[in-house]
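Participant: Chain V is fixed; fit chain L onto it per the hints.
Here is what each chain is made of, one letter per residue.
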Amino acid sequence: MARQKEPREIEIIDLNPKNKNQKNKNSKKNNSNNNENRAKGSRSKEPQPIQPKEKNGSKNREFAVITYGFLALFIALSVYFCYFMEFQSEDFINNSYNARIAQLSNSIIRGDIVSSDGEVLATSSVDSQGNETREYPNGSTFAHVIGYNSNGLMGVELDANFYLLRSHSFILNRLLNDLKDEKSQGDTVVTTLNAQLQKTAYFAMGNYDGAVVAMEPSTGKILSMISKPDFDPNTIEDDYSEIATDSSSSVLLNRATSGLYPPGSTFKILTALEYLNEGGNNTDSFDCDGSFTSDGYEIHCYGNKAHGNETFLEAFGNSCNVVFSQVGLTLDLNSFYGLSEQLLFNKSLPTRLSNVKSSSFSLSEDASDSLIMQTSIGQGDTLVTPLHMAMIASSICNEGLLMEPYIIDSVQNDEGTNVESYSESEYGNILTTVQAEELEEYMRFVVTDGTASALNTDSYEAFGKTGSAEYNSDKDDTHSWFVGYAKDGDKEIAVAIILEGAGSGSSYAVPVAKAMFDTYFGN
Amino acid sequence: MLHLLVTISKYTIMIMFAIYTYDCFAVLRPGMKPEKREHMYKKQTTLIYLILLNANAVLLCSLMDFRIIIMSVAEMIFIALTLLIYNRIYKGASLSVVNNMCMLLTLSFIILTRLDIEKAIRQFGIACVALVITCVIPLFISKLKFLNKLSFLYAIIGIFGLGVVTIAGSTEYGAKLNISIGSVTIQPSEFIKILFVFFVASILYQWEDITELFYASGVALLHVLLLVASKDLGGAAIFLITYLAMMYVATKNPLILVGGFGIGAVGSFMAYKLFTHVQNRVIAWLDPLSVIDDQGYQVSQSLFAIGTGGWFGSGLGEGMPDKIPVVTKDFVFAAISEEMGGVVALCLIFVCISCLLMFFNISMSIKDMFYKLIALGLGTIYGIQVFLTLGGVIKFIPSTGVTLPLISYGGSSLLSTMVLFAVIQGLYIMRNDQESELEDGKTKRTKRNRDY
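Those protein sequences? They're chains V and L, same order as listed.
Residue numbering for the first sequence follows the working numbering, beginning at 1 and increasing consecutively.
Residue numbering for the second sequence follows the working numbering, beginning at 1 and increasing consecutively.
Hints should not be assumed to be uniformly reliable.
[As the list claims (entries may be wrong)] To give an idea of the chain L side of the interface with chain V (calculated C-beta under 7 Å), a few residues:
#: 1; residue: LEU4
#: 2; residue: THR7
#: 3; residue: ALA245
#: 4; residue: VAL249
#: 5; residue: LYS252
#: 6; residue: LEU303
#: 7; residue: GLY307
#: 8; residue: THR308
#: 9; residue: LYS323
#: 10; residue: GLY342
#: 11; residue: ILE349
#: 12; residue: LEU356
#: 13; residue: MET364
#: 14; residue: GLY383
#: 15; residue: GLY391
#: 16; residue: PHE396
No lab work stands behind these hints, which were simulated from the structure alone.
Ideal Cβ positions, reconstructed from N, Cα and C, are used throughout, including at glycine.
So that you can see chain L by itself, here it is in the shape it has in the complex:
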């Protein structure tokens, strides 16, 4: 009977998530009426609730843990609140972005409950705190007009934070990522990358002579080198690529990209020569099965999970994702693919793409160079991070130890990604407000014309 339930749930979740993903792109269709579009967003919201309920019902039956009932209610309230904040309180937020955020969080809640209910509860708590913290961010973004003047502050905090990790951080899987304060462990680079974007934007938005570029590049390089010193090469790659993208848009010079890729290639090669854990990951990437007892164990387990799950998945609770080391963090995608199916996993990639396109579009439509660069930088961070983690899990690229934003377990990652989404929403709202003002001006003219 349980199996029947799991099977029905597996296929229904898959269909609902596929429809959700389709709608992510369907709303982009030109010439769509606003009512239709609004209707689609509402449909997406309904699907989020249904998927959450559907999965939690199955998890309740298979785990027989009655905390799941309470969590379901709490999670629904959480999503309702999030939608309320960005739908009603902040008028003019991007419904696409807020829906995607809720959808990804829902997947996170589902898969973490399946993997480790204690962690799921913790993660949900952090999400609640993050929602409270981040709900004021859009307001700050539009009201605080001096954000572009704090470049020095951003740089100091960033370098200091990364420096502390390099010196006093604790080592995990070959890299220093965290610092512990009492019982709380935080990963500063998750937050510093957002500050880093603000720093770069505050220098580049009005650069006039080349010395400013050198100054920005120097500080950026320092960030990257500190990360390399902590052996956090995934983080270093994120910072470097983000910087290059922002620099390229600010200077409009394609040589930046060419030079940047050159630096990246040389850097990767040197990292390969210098660090054994990089070599190990490359070995594991090339042929994980040949070193399955050693370096290839994790990637092999991940591919066992994805492959055995197949396109339709084993069903929640019927796979063996626990066999994958660090499954709740870096390899959470493999667990989703195994139990919810390759179709859901593929849709998940497309939802991430939809987020990314939205970020870049927001950036493109902003006129103020400072905010434009911020949206671009945050979008790049998000895109690179998703690409690195998914690529590592499916053996498309060597694994880099980066978490999947909004889905992987981990407080720092979740909070910083929610901050990132909130900043983007702030920018979107601000742009809409400015446009409304502009429109008001125009409208008067239009009206006059009409009257005439």
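Excised from the complex, chain V in its bound form:
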């Protein structure tokens, strides 16, 4: 039968001369077929056999080059398109400029936000009319860190917006919902937050304004984050105008990530490290009579206390302003500035959290004595965020290695199956191992023999530095600081605590740290 094999109409460049001969035969057979067809009145149209040209096989080489060249371009284009869809599109979808996300809520019930210990921190309920209400079972305890989803977005509600508005529910369910014009359940976002710890810290802070950040040094997981004054996210829609217009207390500001505070004595961590870097020793001996004057500027120790004769290590433990302002005047200011940059001052902090402010440190070579003295004890122009201080403590605990803080741990579908997991990422060493060990010794001394002795216990090993930061000319008004960490075996936690206007660090911030450590290590 001649009709068995038809030559293909479209011949994708074939350079094999053997095949060509084959086709040539076929096409001859085909010609007669065509003829028969025509005789019967049927139209001869496609397929028209393409007559292979002559014996010269190289005739088509140029066409092969051009066709395959184009094919390669278009295949690359298609592959990139798929790659974008699968791997890159999320960065774009989740961008705050993308107006489309809000539309997703027309077809998706906003997913839940839960803590790492399984507590529901935010959930949505749908009434019989299909109206969705967002509920926050813990009220103001998680106000800033979880945020809200009205009048703009904030906190995890903002950072995880896209994940919450996506559904990986069983595909047939989704299809069914799509057809029934009903919403599908959005995915659940599991945070790194420890609800137990968060509540402990929240209540330990009492009525003071301020902030608490706790993170896991080995991973960068944020364990708790509190900012006060706070608000109730359940009623934020109604309260918003009142809260937003009250500029004096900045309720909506997340002080943990974007509150800029004078670091006070917690900054002595940097001053001490710079002094040690420049050849200073633990045992260097100093005298403190309660005040020190240089160039007409006088510095007092807290409560005008005179510490008498003390080593540099003891001066750190006593948080002695006299010694640290003296030491500050001897430091190489360029090198000091370099150290501050090494510890991420004046830089954007390496984290995926949103609304994070940079800490600032400035000290030029021609700075006045008074500014150098103030800066050395954490006053002056230096400003820090609590998150940044927690990161510094975390890297000291982690032998100098800083892990990037993160709060979204994984995304699960409505049946609890993991859809996506976010792993920790290393930022790098902001301290050498030796520097971290030196600082650890100093911060341990503060607990065993210094201002944070309330943390001295057998249950865990605590390290830290207290601070009482003056924030206006009235010396009685000080912010109470504690920056430090604790470990028990493999379990570690780093914290930064600030209570605005409370008083000394040892009296107010240290008890909060103690409550948190006790809870975390299970006492």
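Facilitator: Coordinates of chain L only, in the frame set by chain V:
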């Protein structure tokens, strides 16, 4: 209820278009019986009608504009007429090419109606005019035997046209592309690129000594430089690459390609150094989100649309393609991907590839060097243009401000692409006719043999 309709329509259009695309390549399978192949083309035609009806029904319900009913009828008649012309009146036209043209036009009608019904009506009007103008082109191509002798004319018109734009053109998005005559704005380079292919072919088809090559290269370079002077770098790239491809096939010298890519690389680098709008586009390409308020706005919006739409799309009328600047022109692909889905967008790329393969195959099978080069040149223009526009929209390459042939809004682009398709059909028909004559000769012999 509307949402239900949109959702059903979304998935059905996607499935139908996927089948259509599959058939584009399935017909290439060797050893397929002609009846089967014809059946597949008929199936494709049916799918075009169904997709058009399906989408227009959804658009009617969501936009509640009753002009859509009239347009649907008119569009169906338009497609029926197009198929009639190339199926019945011109015997032996390529059904694959005509189907793809109708399919791409259908997508254009759908997405333009969704984006801006006034523009859709205008575009449809231009398509009707273009159909009338282009339906005689295949006839001209096969009857006018002196087309290969007009090289001088092609060059004069081309250079004059581009020169006018360079001097008197209006600037749009950093480049001079258009000239306005009264209320009509035309983009001459869209038409000149077809003339350019004729020019290059008419010189190269029988070149004998090197001076002819220099002459052709000089005139070609002049075209490219005029486009560069108008800052239409996408256009310049199209002309340059087309010229190189034709030159390469005519001379069979691979050095042409190597040298051409060298010139292209140096040219791109110089353009980057000289033109700020080129730098801006490169910045936007590298990291659009970092400059989202500025240079990166358009590309970011395009990627928001494609990404948020996802593989299955938001459904017609349920996305926000209006957020993308110039969405009806350069970025129409993003609108299709957002609302009709990434699957449809990917299929669209493959339909374009299928067109391109067809063009090159037609070129390859033509024996007359002049017509062979024309088919090759037009194919190259089409391929490069599709690649530049799609690549720009999805951030594969920096955006070049080139429109997507047959789909983007714009009269000049639509008319010139339909001319391009018509010329290709003319060449295909001519080749088939010649082959029939040849066959007739052979057949006699065959018959004699048989009788014997």
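Participant: Determine for every hint whether it applies to the structure shown.
Facilitator: Consistency of the hints with the structure:
no.: 1; hint: LEU4; result: 5 Å, holds
no.: 2; hint: THR7; result: 5 Å, holds
no.: 3; hint: ALA245; result: 6 Å, holds
no.: 4; hint: VAL249; result: 4 Å, holds
no.: 5; hint: LYS252; result: 6 Å, holds
no.: 6; hint: LEU303; result: 4 Å, holds
no.: 7; hint: GLY307; result: 3 Å, holds
no.: 8; hint: THR308; result: 4 Å, holds
no.: 9; hint: LYS323; result: 6 Å, holds
no.: 10; hint: GLY342; result: 5 Å, holds
no.: 11; hint: ILE349; result: 5 Å, holds
no.: 12; hint: LEU356; result: 6 Å, holds
no.: 13; hint: MET364; result: 5 Å, holds
no.: 14; hint: GLY383; result: 5 Å, holds
no.: 15; hint: GLY391; result: 6 Å, holds
no.: 16; hint: PHE396; result: 5 Å, holds
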